[in-house]
Amino acid sequence: MALDQNLKRKLTKDLSISLLIYSLPVLAIYLYFKISNGDVTESHLVLPSFLEFVKPAFQNIRTWGLIVFMLVLGAIEFAAGLYDDQWTGTERKIDIICFLAPKLLLPPVIAFFSLTALPYLIPSLENTLSWVPFWGGFFLIAIADDLTQYWYHRLHHQVPFLWRFHRTHHSAPYMGMAMASRQNFIYTVFFSQIYLTATLAYLGLGLPALFVTVIKSFITLGAHSSIAWDKPFYKYKVLHPIAWVLERLISTPATHHAHHADTSGDGVGYFKGNFGNMFFIWDVIFGTGLITRKFPKSYGTKSYKSEEWYAQFLWPIFKSKKEGSPLADGVLALPISPKKETTSVNQNIYEPVQS
Amino acid sequence: MKLVDFQTIGKKIVVGAIVFLVPLAILGGGLTLVSYILK
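Residue numbers (my numbering), protein chains in the order written: chain A, 1 to 355; chain B, 1 to 39.
Note that these hints are calculated values from the structure, not bench results.
A few of these clues could be false.
Residues on chain B that point at chain A, a partial pick, calculated with CB under 7 angstroms [what the hints assert, rightly or not]:
1. Gly16
2. Pro23
3. Leu27
DEER-style ranges, computed between Cβ atoms [said to hold, decoys possible]:
4. A/Lys103 <-> B/Ala25: 24 to 34 angstroms
5. A/Ile110 <-> B/Lys11: 18 to 28 angstroms
6. A/Lys103 <-> B/Leu38: 37 to 47 angstroms
7. B/Phe6 <-> A/Ala117: 21 to 31 angstroms
8. A/Ser298 <-> B/Ala25: 37 to 47 angstroms
9. B/Ala25 <-> A/Val189: 28 to 38 angstroms
10. B/Lys11 <-> A/Lys231: 18 to 28 angstroms
11. B/Phe6 <-> A/Ile35: 44 to 54 angstroms
12. B/Ala25 <-> A/Ile110: 19 to 29 angstroms
13. A/Ile35 <-> B/Ile9: 43 to 53 angstroms
14. A/Arg92 <-> B/Ile13: 26 to 36 angstroms
With a straight-line Cα cutoff of 25 angstroms, these simulated PhoX-like cross-link-like pairs (lysine-lysine) come out [said to hold, decoys possible]:
15. A/Lys272 <-> A/Lys305
16. A/Lys8 <-> B/Lys11
17. A/Lys13 <-> B/Lys11
18. B/Lys11 <-> A/Lys10
19. A/Lys93 <-> A/Lys103
20. B/Lys2 <-> A/Lys321
21. A/Lys272 <-> A/Lys237
22. A/Lys93 <-> A/Lys305
23. A/Lys272 <-> A/Lys321
24. A/Lys272 <-> B/Lys11
25. A/Lys34 <-> B/Lys39
26. A/Lys93 <-> A/Lys302
27. A/Lys305 <-> B/Lys2
28. A/Lys322 <-> B/Lys2
Every residue gets a Cβ at the ideal spot worked out from N, C-alpha and C, and that includes glycine.
Put together the whole structure using the sequences plus the hints.
Structure below.
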């Protein structure tokens, strides 16, 4: 549906609150230096000694370990039969292409941005934030990266013309580790937060960025996986206090599976919210969260026509040939400000956004 | 690809750029200001 006045008002209010949240780590760093009389002309970006020994592990995880972890997790999911009979030829193709292509195509793009574009655009600013202490940089990158992704994600659900760039992520009728990378390529390549974190790394916060991105990758993978690691926290009463904190702080399989449900409003499925990626706290703050500790019965989107891999991965460059597909040629998103003559919506021409 | 597709991609890039630049301005600008005040 088009953006209505209430949604516009809510978006404006939440965006204003976000500007305050973005400034919190800056304020914390300022207070730290003010109270401790720290010197901002010196570099403070040294790793605490207790983290020094895990640094090589994090570096290896980021370069190749995460891919190995994803493959092992995928193998376990497959062996456990968690995809049932829904992992058909089309789905397999989309999952594998979406898993491999960004890993081959994104690194050169990011390398160009970090090693060529940024030194060209802002040559004098390299490492200018090295005076920020490690904990401050960690706090700052965690908020900056994940809140930015929250907004990028939320806008793709709530702004009609953006939805089909994100639809591929929601098209599968199952959950699994492959969902984390199952995206339209244009959605992935213009991910705002990867450029934000790359810029902050160029400015001197590379070390905290390494730790944040690795932790974030594990949390988002875990939230998409069909292995519900959070179930014991709901089952055993002694673990309930931990569950209460966990499900409000980070994305869990229960809350994120609800986001991938094909229904919203049945008390479990909630594709209208639960937009958080690493942190769920954004959904708590902005009132877009639903915590039920239950898992949806079915996943995906009602308008799914098992579109061809090329249409799902590369729309609108390639269109679907499937009849009635929202990714087919000539299908338009609903306009943001509908004119009077477009208020009578023909659902065959306009695809309603999933929000 | 038709003109409308290029427009859709263009609008999407603009949204992405805003979502990237606004936090960068707050964080980069804020830290520059902090550094200036504390010097």
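Hint-by-hint comparison with the structure:
no., hint, in the structure
1, Gly16, "holds (4 angstroms)"
2, Pro23, "holds (5 angstroms)"
3, Leu27, "holds (6 angstroms)"
4, A/Lys103 <-> B/Ala25: 24 to 34 angstroms, "holds (31 angstroms)"
5, A/Ile110 <-> B/Lys11: 18 to 28 angstroms, "holds (23 angstroms)"
6, A/Lys103 <-> B/Leu38: 37 to 47 angstroms, "holds (41 angstroms)"
7, B/Phe6 <-> A/Ala117: 21 to 31 angstroms, "holds (23 angstroms)"
8, A/Ser298 <-> B/Ala25: 37 to 47 angstroms, "holds (42 angstroms)"
9, B/Ala25 <-> A/Val189: 28 to 38 angstroms, "violated (22 angstroms)"
10, B/Lys11 <-> A/Lys231: 18 to 28 angstroms, "violated (41 angstroms)"
11, B/Phe6 <-> A/Ile35: 44 to 54 angstroms, "holds (53 angstroms)"
12, B/Ala25 <-> A/Ile110: 19 to 29 angstroms, "holds (21 angstroms)"
13, A/Ile35 <-> B/Ile9: 43 to 53 angstroms, "holds (48 angstroms)"
14, A/Arg92 <-> B/Ile13: 26 to 36 angstroms, "holds (31 angstroms)"
15, A/Lys272 <-> A/Lys305, "holds (21 angstroms)"
16, A/Lys8 <-> B/Lys11, "holds (18 angstroms)"
17, A/Lys13 <-> B/Lys11, "holds (22 angstroms)"
18, B/Lys11 <-> A/Lys10, "holds (22 angstroms)"
19, A/Lys93 <-> A/Lys103, "holds (16 angstroms)"
20, B/Lys2 <-> A/Lys321, "holds (16 angstroms)"
21, A/Lys272 <-> A/Lys237, "violated (30 angstroms)"
22, A/Lys93 <-> A/Lys305, "holds (15 angstroms)"
23, A/Lys272 <-> A/Lys321, "violated (28 angstroms)"
24, A/Lys272 <-> B/Lys11, "holds (23 angstroms)"
25, A/Lys34 <-> B/Lys39, "holds (11 angstroms)"
26, A/Lys93 <-> A/Lys302, "holds (21 angstroms)"
27, A/Lys305 <-> B/Lys2, "holds (23 angstroms)"
28, A/Lys322 <-> B/Lys2, "holds (19 angstroms)"
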